Structure formats: C-alpha cells, structure tokens
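A.B. asks: From first to last, the protein sequence lines are chains X and E. Under the numbering used here, the first residue of the first sequence carries the number 1, and numbering increases by one thereafter. Under the numbering used here, the first residue of the second sequence carries the number 1001, and numbering increases by one thereafter.
Keep in mind that the hints were calculated from the coordinates and are not lab data. Owing to the predicted nature of the structure, the values given are computational and were not obtained by experimental measurement. By construction, the Cβ of each residue, glycine as well, lies at the ideal position given by its N, Cα and C atoms. One should not assume that every hint holds.
[Claimed, not checked] What follows is a set of in silico ranges between Cβ atoms, one per label pair, in the way DEER data are often shown: (1) E/Glu1283 / X/Arg219: 11 to 21 Å; (2) X/Ala135 / E/Pro1012: 54 to 64 Å; (3) E/Glu1137 / X/Ala38: 50 to 60 Å; (4) E/Gly1372 / X/Arg156: 55 to 65 Å; (5) X/Arg219 / E/Thr1014: 22 to 32 Å; (6) E/Glu1160 / X/Thr149: 55 to 65 Å; (7) X/Gln396 / E/Pro1331: 41 to 51 Å; (8) E/Thr1014 / X/Asp412: 56 to 66 Å; (9) E/Trp1329 / X/Gly147: 35 to 45 Å; (10) X/Ala6 / E/Trp1329: 39 to 49 Å; (11) X/Arg219 / E/Glu1160: 38 to 48 Å.
[Stated by the list, open to error] Far from chain E by the CB rule (all over 10 Å, computed), these chain X residues: (12) Phe101; (13) Glu391; (14) His393.
Protein chains: 2
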Amino acid sequence: MLEQLAHVGRDPATNGYIRDAWSHADLELREWFAGEAARRGLDLREDRNGNLWAWWGDPSHRPGVVTGSHLDSVRQGGAFDGPLGVVSAFAALDLLKERGFQPVTPLGVACFTDEEGARFGVPCVGSRLLTGALAPERALALTDDDGDTLAEVMTRAGREPRLIGRDDETLATVGTFVELHVEQGRALHGPVGVASAIWPHGRWRFDFLGQANHAGTTRLGDRDDPMLPFARMVLEARAAAARYGVVATVGKVRVSPGNANAVPGQVSAWLDARGANERDVRELVAELTDHAAGAADDVALRGGIENGGGVAARGGAAGSGVDVSEESWTPVVDFDAALRDRLAALVGDGDTPAQILPTGAGHDAGILATAGIPSAMLFVRNPTGVSHSPEEHAEQADCESGVVALANVLEDLCR
Amino acid sequence: MLEQLAHVGRDPATNGYIRDAWSHADLELREWFAGEAARRGLDLREDRNGNLWAWWGDPSHRPGVVTGSHLDSVRQGGAFDGPLGVVSAFAALDLLKERGFQPVTPLGVACFTDEEGARFGVPCVGSRLLTGALAPERALALTDDDGDTLAEVMTRAGREPRLIGRDDETLATVGTFVELHVEQGRALHGPVGVASAIWPHGRWRFDFLGQANHAGTTRLGDRDDPMLPFARMVLEARAAAARYGVVATVGKVRVSPGNANAVPGQVSAWLDARGANERDVRELVAELTDHAAGAADDVALRGGIENGGGVAARGGAAGSGVDVSEESWTPVVDFDAALRDRLAALVGDGDTPAQILPTGAGHDAGILATAGIPSAMLFVRNPTGVSHSPEEHAEQADCESGVVALANVLEDLCR
Chain X
1 MLEQLAHVGR DPATNGYIRD AWSHADLELR EWFAGEAARR GLDLREDRNG
51 NLWAWWGDPS HRPGVVTGSH LDSVRQGGAF DGPLGVVSAF AALDLLKERG
101 FQPVTPLGVA CFTDEEGARF GVPCVGSRLL TGALAPERAL ALTDDDGDTL
151 AEVMTRAGRE PRLIGRDDET LATVGTFVEL HVEQGRALHG PVGVASAIWP
201 HGRWRFDFLG QANHAGTTRL GDRDDPMLPF ARMVLEARAA AARYGVVATV
251 GKVRVSPGNA NAVPGQVSAW LDARGANERD VRELVAELTD HAAGAADDVA
301 LRGGIENGGG VAARGGAAGS GVDVSEESWT PVVDFDAALR DRLAALVGDG
351 DTPAQILPTG AGHDAGILAT AGIPSAMLFV RNPTGVSHSP EEHAEQADCE
401 SGVVALANVL EDLCR
Chain E
1001 MLEQLAHVGR DPATNGYIRD AWSHADLELR EWFAGEAARR GLDLREDRNG
1051 NLWAWWGDPS HRPGVVTGSH LDSVRQGGAF DGPLGVVSAF AALDLLKERG
1101 FQPVTPLGVA CFTDEEGARF GVPCVGSRLL TGALAPERAL ALTDDDGDTL
1151 AEVMTRAGRE PRLIGRDDET LATVGTFVEL HVEQGRALHG PVGVASAIWP
1201 HGRWRFDFLG QANHAGTTRL GDRDDPMLPF ARMVLEARAA AARYGVVATV
1251 GKVRVSPGNA NAVPGQVSAW LDARGANERD VRELVAELTD HAAGAADDVA
1301 LRGGIENGGG VAARGGAAGS GVDVSEESWT PVVDFDAALR DRLAALVGDG
1351 DTPAQILPTG AGHDAGILAT AGIPSAMLFV RNPTGVSHSP EEHAEQADCE
1401 SGVVALANVL EDLCR
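With the sequences and hints as input, model every part of the structure.
C.D. replies: If you want it as structure tokens, here you go:
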C-alpha cells in the first residue's frame, strides 16, 4: 500500500515529500484513505477538525479500539513517518479478517490532520483541536508562508472552519488508541518496540534585530549585524545541549531582507529542544536566552554600533537586541503503564517482552494520552536512524513484523 | 519627482521597496521614465538589452554626454539608491533649459535595467550585456526564485530575449557617462563628492552539506549538522575582515529542508567581500575557504558522524563537507582621472575641489568605465550611511545641490 502513495507530493529533485495539510497532495492522500475504507466496507467519518475515521463496527454505543497515524509530512520528509502507521492499520485489519476475527469492540482506523505542522508551524493540529488542547481561535489565525490562514485554507478545501474545536462526541468513540510509527533514531534493536514516554519538547523563536545596510559601503564599525549574534547562538546551543544531555537544533532560519549584498536587518532562528528531563530542557533555553541577549549586546561582535540591546529590546534605540518567544511547549507524556506492558508482552519474542523505549518525537498518541485516553505506541526499527528526510527507511520484513504485532495487539484489545 | 515614485513597489509592512527587474513595479517605473522623456520632448529609445535612453539632440552622428542611473531596487531597499540618479538627471536637464542652454553635444538620460540583481542574483545585467561583459547565453539562463529564466521573464514583458548582447551601435552614442548616486556609507562630509574608484568585490557561495534528520530523535553524536560549520564561518568571516581591513558580509542564507523540527541537510550561505585592495579580498576568501573546510571536517563540531569532508567533497561518503564557488568577481575600477579632477573642480566650493572618495558599491558607471567609456560618478551625502534599507536617506538640500552640480557638469561637458 505504501507504494500506492509513493508518487503523492514527491519532489522529483530530491525524492523528498511535500505533503502540507490541506494541500493538493494532502487531499489526494485523504481520497486514498477514503478509498481504502470503502474497499473494506468500513464506515468513513470525518470529524469537525478534519480527522478521518474508518470504522469496523459502530462505536456510537461502545467506545472502540483505534489505530492509525497521519498522512501529512514534514517538507522534504520520507515515505514512512506517518503513512506507515495508516497503511499498517489497514493491513492489520486485513490480517484479522483473514484470521476470521470478528470484533466485539468496534475497531477504527484513524488519520489525524496536520500532525507535522509543516504548513502552519504548530504540530498535531488535528488531535489537539479534537481534545481541546489547541484553541480554535488560535488555530484559525495560524498563517502559512503565503500568508493564508488555516481558516482560509480549510474553506478552500470545502470544510467549515467555524465548527472546529473540542469534539466530545468523537472522543467518546475512542476507548483505546494504538499508533504504529517508524522509529526515528537508532535506539530500537529488535524489529518492533513499545513506547514508554515522549520527551518534553518545545520550540522557541529567536529574533535577532539589527540594521539593514549596504554590504559594500558600510564599514565594519558602522554595522549592527544580527547575523553575528545568531551564529554565536547556534554554536552555543550545541555546546549547551551536550552539557545538559539533551538535544537542541536550529533547523529553520529566516534572514531579512536576505540579499547577498545587504547586511541583514533581522535574523530569525527557530530552536527545537527536547530531553528526557523537563528541567534540563528549560534550563538550556534559559541559559541560551541569556547568552543570546549577551551576544546581541556585544558591540564588538555586532559591529560597533551601540544599541539598546538585551532581551525583548524591540523598542530600543536602534531596534537592536533579541526577542525570544516560546512557540510551543509539550510536557513529558508517560504512556499508560499497564497498556504498555501488555503490548510489550504481546509483541515480544516468546517470554522476552519487546524493548520499551522513549522517543524525542511528538505524536498524536501523546496528545490523546494527555487527554486521558489510554494510548500506546509501537515502533518499527529504523536501521540508520534517519527520519524527516528522503533517506528515511525501514526494512520490508520489519514492516511486516509491525503489521503482525499490531494485528495481535488489536485482537487482544478487542476481545 | 521622487515623490511620484514613492508608491511604486513599496511594501506597506516595512516601507521598503521591492522593484525586481521586469516585475510589475519595474514596468511601472519604465512607463514613468517614458512619460518624463515625452514631457520634455526627448527622443526615447530602448536598446536590445532593455536599457532606456532619453535624448536631447541626436547622438547618431556625434557621441553624447549621458547621465542617469537605475530604477530597480534591492528587496526592501530605500527610495534613493538608483532613482535619485534618474530623477536628478531629468531635473538637471530642466535646470539647463531654464538657463537657456542648448547642447552642441547631444545630451542623454539613461536608465539601466536590473542594476541590483535582486531577482536573478547578477548585478548590472543591463550595462554588462550592453558592453559584452555578460554573455547572453548565461544571462538568459539565470533563474529567479520562482524558477523562471530571464528569457521567460523578458518574453512575458514583450521583449525579444534572442536579441540581447553587446550593442556597439548604442555604445557608440555614449561619449561620456556621469552617474549621480546617493552615497552609501558615511565617508562623504560635504553635500556632493566625486568617485575615485570602485573597490574590487565579489560574491561566493558556500554550500555546507550534511544529513537531514529528525530534531527530536537523532542523538547529538549521530548528527551531521551543517548549521554548525556555517555558524563558525559567519564569525570567522567577520574576524578575518577586520584583520584584512576589508568588509565581508553574509546577508543571504538558505537552509534545506528548513523545518524547525529537522536537522538541516544543507546550509547555503552567500559571502560578499570587498576592499580597497584586490589581494586582501582574495586572501580573505582563500583563508575562509580553508577555515570552512576545516570546520566541515571537524567531527566534534558537526555532531560525531565521520564524513568525507573538505572542500568540494560533494561526492564524499556522506555527502558532507563544503563546496565553495565564486558567483561573481569584479576587479577594481579606477575612474578616468582627468574627468574625475574636472568634476571635482566644478563641483567644489570655490577653489576647494569636492571630496574625492572610493566606494564599495558596484555601479553601471563602473561597468561602462571598464568597457573604456570615460565615466565618472557624483555622490550625494548620506547622513546616516544607511543604504539598501527603507531608512536610506538624503536631505532635500543635498539632493538639490546634487542637481545643480550635475547640471554644471553636463553644461561643461557638452560645450
């Protein structure tokens, strides 16, 4: 089934995927989901937030067991992150049917909308809206790179943005949620593992402010160049991450005006930081904020122009300094311990339970768990640990082990 | 007249100008030029490369004296860089008419196409094509951010791209060229000065290569993050520029894939370097290239993954390292010494000649000078030295002094 999706949203130059929420590629993927549901005689529902549900059995009177993941992608992402969980869900249902299994508890396949946040910057929009973790007003006002709001984009896709928000009716149908996902590091040694927790993680935006100017005629001493404190921040983030035993990444940078022949007026950089321990991540960011303010104040570094400097010094004399704002923060998610251990036993090799491991990646399963729905995750081994990249990969045999493991789990949970 | 142009291509969010070559704004500015020429009874010509010429007198039999500049802008640029020279040219002609002056030598106002290179990355496209300094095949293949070539863009604007290239017929009409321009640093102390030279300058592209990966799940030690050697390069460029007594700027950066939650696979940065002395600029770039290769090879810095490393190591094991390529190089331009001194005497205050100063900015006057046309530049004082920015400014009184100075120069040259 993954092969049916191989062409959707693929950039021929890189083989990476561009599957932004509500884009043409996303709509094509949603149609594919509808087709797979129809072919199996499943009852397709789209909730008010754009999440898709394909039901085997009627969950109106009895909460079901749901599995699934998402079909959207980070930009230039791989083929597995998201789709593997949806494809494996359908394949596990097929396997259960072959086994002659008839669910007493309704069984659902879910596809959550905009898990990656590639378009609007906020991840897990579909599941967050569903559980009420994201306010509808905030969601609708999010803008993409073209300046279009989520409200506009949903309207163009024929959806009704006024209806989004917490959806208790849909939530009531989900008794248990199990998400299968490709592992995204190299920590899983067997073919299939079980998640213990999702690391606390957050995203911060650093706006370094300076004075745009001519690159040829402005003497070094007359400059107020925000590229310099930005570069220092990048190096310091890495050093501090190693010190705190967490990960920190600068993966997105915006330079304004962005001309090769102009000293920039502003450099904005996004810091992603995560770790096993919430306090370590928080301390890293605090330290880095102080460091960036110091670098922004460092007249010798910036170029000689005295400036107002400091954090949130946007109103300062020359508009210089650095603004740091938290764009998102997700506390640690510990998955349901009983469910986790039950899955590890089912998925393990004989008497040896499967490996239990945390992850640094956010998932819809984490959002549902936070909302009080017993949730769990299965991971399929990633031989190189590469993810969010066209080189993301999982072996066919491991993917098949994942489907069998998922079928076993669903069979057990639906009994 | 500058006020008539104030609204064209202005970004209301910043008050900066976006006036890319052949854009809607550019076409509007060209129409304005045509109107100003018509209103004065000047003979308007557009050459095969899109440069505009408005003639007072017929230069077919006798080479003329030409003044002018350009109307396009860097992105988010100011109101003066370019337009001041064109507006002052028309204003100087008006002043000469008021004085009852009748040119024996034909007098022309020029507007060169795509001086800034904001759209296609190569500056002075119009004057370089005219003089043969830029090969037509190379120019036509240049692409903008949308992937459109110059050939396509010119065709859409109703021009014939097959005809571009060196134009001896037009060149033969230009006996002398004088460009008036706002000064772009703080080196000019009086209202009007005269250029001695244009610093040698060049643009280099540094492609730092690594491995795109997930920001949450990839351990620091499993990373090959090109953002880190890039950041080191930025800081080193600044330090080396101070050491060599030149200017070096990183004003444009492209991060791929550019997701906040992904370790980048590639960071491309453009280095602009200029100085009074060609050897110093060359040595700075050589040193920086070595430094970048060292940083790209620094396993501890990148994140622990061993890589092929080194300059032009694109074919290396992990595709890591750095590629450095020269995008443009312009040797020093020394303006005609006799013309320079004649202008300084004319423009000065009584017996004191005007200030003579070099500039770090490239200009069409430099391209024409290199092609052997006696050329000169007048600078109008810039109180803050800010340029290529919405805050670019010149005082009204200084602009008026510029017009008077230009009129005096033209009157003298046309005698």
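A.B. asks: Has the hinted range 39 to 49 Å been met by the Cβ atoms of X/Ala6 and E/Trp1329?
C.D. replies: Holds - the Cβ-Cβ distance for X/Ala6 and E/Trp1329, about 44 Å, lies within 39 to 49 Å.
A.B. asks: Given the hint of 56 to 66 Å, is the C-beta distance from E/Thr1014 to X/Asp412 inside that range or not?
C.D. replies: 60 Å, holds
A.B. asks: Against the range 11 to 21 Å, how does the distance between the Cβ atoms of E/Glu1283 and X/Arg219 compare: consistent or not?
C.D. replies: With a Cβ separation near 19 Å, E/Glu1283 and X/Arg219 satisfy 11 to 21 Å, so the hint holds.
A.B. asks: Does the Cβ pair E/Glu1137, X/Ala38 satisfy 50 to 60 Å?
C.D. replies: 54 Å, holds
A.B. asks: May I ask you to test the hint 22 to 32 Å on the CB atoms belonging to X/Arg219 and E/Thr1014?
C.D. replies: 24 Å, holds
A.B. asks: Kindly confirm whether 55 to 65 Å is satisfied by the beta carbon distance between E/Gly1372 and X/Arg156.
C.D. replies: At 57 Å between Cβs, range holds.
A.B. asks: Does the claim that X/Phe101 lies off the interface hold, with its Cβ farther than 10 Å from every Cβ of chain E?
C.D. replies: Answer for X/Phe101: holds, closest chain E Cβ roughly 33 Å.
A.B. asks: Holds or violated: the 38 to 48 Å window for the beta-carbon distance between X/Arg219 and E/Glu1160?
C.D. replies: 43 Å, holds
A.B. asks: Using the Cβ atoms, figure out if E/Trp1329 sits within 35 to 45 Å of X/Gly147.
C.D. replies: 38 Å, holds
A.B. asks: Evaluate the given range 41 to 51 Å for the C-beta pair formed by X/Gln396 and E/Pro1331.
C.D. replies: Violated, at about 59 Å.
A.B. asks: With d taken as the least Cβ-Cβ distance between X/His393 and chain E, does d exceed 10 Å?
C.D. replies: 12 Å, holds
A.B. asks: Hey, is X/Glu391 genuinely clear of chain E, shortest beta carbon separation above 10 Å?
C.D. replies: 8 Å, violated
Hint compliance for this structure: hints 2, 6, 7 and 13 are not met, and every other hint is.
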